[in-house]
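Chemist: Protein sequence lines, in the order shown, are assigned to chains Y and R. In terms of the UniProt record's numbering, the first sequence opens at residue 1 and continues consecutively. In terms of the UniProt record's numbering, the second sequence opens at residue 1 and continues consecutively.
Wrong hints could be hidden among the right ones.
[Said to hold, decoys possible] The calculated label-pair distances, taken between Cβ atoms and stated as ranges, are:
1) R:THR728 - Y:ILE109: 17 to 27 Å
2) R:GLU647 - Y:ALA142: 16 to 26 Å
3) R:ASP646 - Y:ASP70: 35 to 45 Å
4) Y:VAL43 - R:ASP729: 28 to 38 Å
5) R:ASN427 - Y:ASP70: 29 to 39 Å
6) Y:ASP51 - R:LYS614: 45 to 55 Å
7) R:LYS699 - Y:LYS72: 37 to 47 Å
8) R:ASP320 - Y:LYS72: 51 to 61 Å
9) Y:ILE98 - R:THR728: 25 to 35 Å
[What the hints assert, rightly or not] With a cut-off of at most 27 Å between alpha-carbon atoms, the simulated DSS-like pairs for lysine-lysine come out as follows:
10) Y:LYS15 - R:LYS716
11) R:LYS487 - Y:LYS73
12) R:LYS475 - R:LYS430
13) Y:LYS72 - R:LYS475
14) Y:LYS120 - R:LYS716
15) Y:LYS127 - R:LYS386
16) Y:LYS55 - R:LYS702
Quick caveat, the hints were computed from the structure, so don't treat them as lab data. Glycine residues also receive a C-beta, built at the ideal position from the N, C-alpha and C atoms.
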Amino acid sequence: MEVGQMQRRLVDYTKSLFMEGFLDAQFLQLQQLQDESNPDFVVEVVSLFFDDSEKLLNDLTMALDQPNVDFKKVDAHVHQLKGSSSSIGAQRVKNACIAFRSFCEEQNIDATLRCLQQVKQEYYLVKNKLETMLRLEQQIVAAGGSIPMIELGF
Amino acid sequence: MESCNCIEPQWPPDDLLMKYQYISDFFIALAYFSIPLELIYFVKKSAVFPYRWVLVQFGAFIVLCGATHLINLWTFTVHSRTVASVMTTAKVLTAAVSCITALMLVHIIPDLLSVKTRELFLKNKAAELDREMGLIRTQEETGRHVRMLTHEIRSTLDRHTILKTTLVELGRTLALEECALWMPTRTGLELQLSYTLRQQNPVGYTVPIHHPVINQVFSSNRAVKISPNCPVARLRPAGKYMPGEVVAVRVPLLHLSNFHINDWPELSTKRYALMVLMLPSDSARQWHVHELELVEVVADQVAVALSHAAILEESMRARDLLMEQNVALDLARREAETAIRARNDFLAVMNHEMRTPMHAIIALSSLLQETELTPEQRLMVETILKSSNLLATLINDVLDLSRLEDGSLQLDLGTFNLYAVFREVLNLIKPIASVKKLHVSLTLAPDLPEYAIGDEKRLMQTILNIVGNAVKFSKEGSISITAFVAKLDTLRDSKAPEFLPVLSDNHFYLRVQVKDSGSGINPLDIPKLFTKFAQNQSTGTRNSGGSGLGLAICKRFVNLMEGHIWIESEGLGKGCTAILIVKLGMAERVNESKLPYMPKMPTNHGQTAFPGLKVLVMDENGVSRMVTKGLLLHLGCDVTMVGSSDECLRLVSHEHKVVFMDICVPGIDSYGITIRIHEKFTKRHERPLLVALTGNTDKVKKENCMRAGMDGLILKPVSLDKMRSVLTDLLEHRVFFEAI
């Protein structure tokens, strides 16, 4: 596939992520911060996000597995996850975390378990999407092209 | 003296005449002496006698006459000269006195006579006064009776008691044989015997109301004597006695509606009751005037008392009714509230429950799309995705609608590109339109601003819905979309009488017209279009999908945007035009940083705004920390990162100009750190500015920050531009609290 096509594909893909609500404006901010002095900013942040989130999700699973669930701890974890996802612009994960937190307040075990599933689901989705997108970017860079600035005017 | 009648020592026995004369004279003298004595005695006894002097004269006259006659006794026989002279003196005196008396009497006698006349006059007067006294007394008694009756009647508000008391008291006062009250029936054509004095339970005895006697009684407000043979008076079984006189009087029945504020009722009411009073039979008693008056007064009082009682009854009834209604309303309200609560709960739960699997379907289908598929499979997956998106939209719609109805929906206002909205709609609708071979044209007026402030998502949803409908209901032809700024005259359209636009400087009214050449709508159906779940039942809609919610939701969105939406159509087959007017804010400057649908990537600002500014960032969350660091690095700052409060306190120095602290983490005591930093740097110019970063906040938190000694508060997420302006403000004013 030649560079132009790949670039177009990347643009379409990124657009779709925004349309579908996977990412929000915060992600654009991140992209803005990437420049010559900081060329891999986005990749670094995203990777950090993945690591962080995996760890948090594991902690959450374990915490909710306990016979006596410590909701404060669960809440703290979810709070962290919410913070991370909102910093990176993973909108759907953030929304799922918000719902999660409200159920934590109510100390509703079934609901929180469901929420956990949902959060995981969203997370894996967005992870998948982001990885695809980053892969595309890498391909473009490897093929000698430059990552197009997403200008979604009509 | 020749014929001297000397008194002989012995009377001549044969001169009887002389003897009689002698005796008569003696008696006359006696009488003459005793009369004045009597007079004096009696006058002395009586206190009032005006003519004493006359009496004295009279007495003198009589005494002298007596003396004369007495002295006459001595002159029968031979008498001496002394006797003669005494006699002469006496006679002379008598003559004088009697003349004087006679003269006096001329004066006196008329007076004395007139006394008699006066006496007669006074007697008459006395008789008259007596009569009047009698009258007054009677009147007073009547008055007393009336007062007593009134008191009795008005002492109760119970209709039955009033009437009964009236009859009883009247019967007692006037010593009646029978007293009855006839009330008009509901139809007003008959009088029914309602109450009587003697009979305990009057049978429903009725009499037609248009009897001449009854009419006569009703036409005058006086008590009228009627014949005992009148049907209303035939209350007692006809006895062998002569029935007593009967009197009837009308009792006006007043209604609440008769009481005008300004003028008392002129008895325009035509409803009267009849009160009939019968004197005892065989008593030869007659109705006296004062008794009639009493009856009339009583009748009036009864009327008033009855109307009071009626008013009271009505108001009690109204009050009871109101109370019942209140209770019913309260119950209904509580039921409605319960229903609403139940519905909201249901919706909330269902929303969550429905969305979860929907998400799963959509997510996994889109993941599936990414994998290797055969074209057939791809087609199937795409259909699945489209359908599930549609379903998700529907669920959202239903939820939106219920939230709209609750009034809990609020518009997400933001600046957006208006032109882009229209182009997006066009792009979305083009595929379907081209399949149906419909030509779609978009015309944007040149004075339409490019950017506007409003709820972009919902505006697009509304326009899309309308355009979609236009496409849906047109089998052929063309669709034209025009958008322009509505001027005042076009705003006041006769089709939208209740729409009152208010022009102001910061807003403009966007008017969008979508004209199609489709099947049109019957003008009679137009009002129903915007109601929920109502579908146009014409033939063209058999193939259309949709739940009928679309236009209802659109209308509500438009209302929220302070606008108006309506549809005009000439009729079936003539196409229709949908017109929508919404109020949008004028965008002064474009804030490009939050445009999820149409993100524009500005070119990187190569300049560094704050070269070398030393900043300390404290955030427990790694990702967040990294992002903030990236931001600040991009702006040219020299950033130190710390992950805990201890590290922060350790590393903070007077070289750092700003310290950003994330305070929404539960574990960190940001206020404590603030205080400790304040303690560490006593001199103000040495202390770095403390800014709180938080994802969500409220007034309370903001106040706590202020009180703890923070210099600023910013809400996450922070965009590049925002950070830039925040730092500028902060360094200039040394304080920056974001508006919550």
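Chemist: Now tell me, hint by hint, if it's right for this structure.
Modeler: Each hint, compared with the structure:
1. A beta carbon spacing of about 48 Å between THR728 (chain R) and ILE109 (chain Y) contradicts the range 17 to 27 Å that was offered as a hint.
2. With their beta carbons about 40 Å apart, GLU647 (chain R) and ALA142 (chain Y) fall outside the hinted range of 16 to 26 Å.
3. Here the CB-CB span from ASP646 (chain R) to ASP70 (chain Y) is close to 24 Å, at odds with the stated 35 to 45 Å.
4. Hint check: VAL43 (chain Y) to ASP729 (chain R), Cβ distance near 32 Å, so the stated range 28 to 38 Å holds.
5. Between ASN427 (chain R) and ASP70 (chain Y) the beta carbon distance is about 51 Å. The supplied range of 29 to 39 Å is therefore violated.
6. A hinted range of 45 to 55 Å is violated for the C-beta pair ASP51 (chain Y) and LYS614 (chain R), which are about 29 Å apart.
7. With their beta carbons about 25 Å apart, LYS699 (chain R) and LYS72 (chain Y) fall outside the hinted range of 37 to 47 Å.
8. Hint check: ASP320 (chain R) to LYS72 (chain Y), Cβ distance near 58 Å, so the stated range 51 to 61 Å holds.
9. Range check, ILE98 (chain Y) to THR728 (chain R): about 32 Å between beta-carbon atoms, so the 25 to 35 Å window is met.
10. Restraint check for LYS15 (chain Y) and LYS716 (chain R): the C-alpha separation of about 24 Å stays at or below 27 Å, so the hint holds.
11. Distance check on the hinted pair: LYS487 (chain R) and LYS73 (chain Y) sit about 59 Å apart at the alpha-carbon level, beyond 27 Å; violated.
12. Between LYS475 (chain R) and LYS430 (chain R), the direct Cα distance comes to roughly 15 Å. Compliance with the 27 Å bound is thereby established for this hinted pair.
13. With a CA separation close to 60 Å, the supplied pair LYS72 (chain Y) and LYS475 (chain R) exceeds the 27 Å bound.
14. Among the hinted pairs, LYS120 (chain Y) with LYS716 (chain R) is consistent with the structure: their alpha-carbon atoms are about 23 Å apart, no more than 27 Å.
15. The hinted pair formed by LYS127 (chain Y) and LYS386 (chain R) meets the criterion: a straight-line CA distance of about 23 Å does not exceed 27 Å.
16. Between LYS55 (chain Y) and LYS702 (chain R) the alpha-carbon distance is near 32 Å, which puts this suggested pair outside the 27 Å criterion.
Hints 1, 2, 3, 5, 6, 7, 11, 13 and 16 from the list above are not met by this structure, while the remaining hints are.
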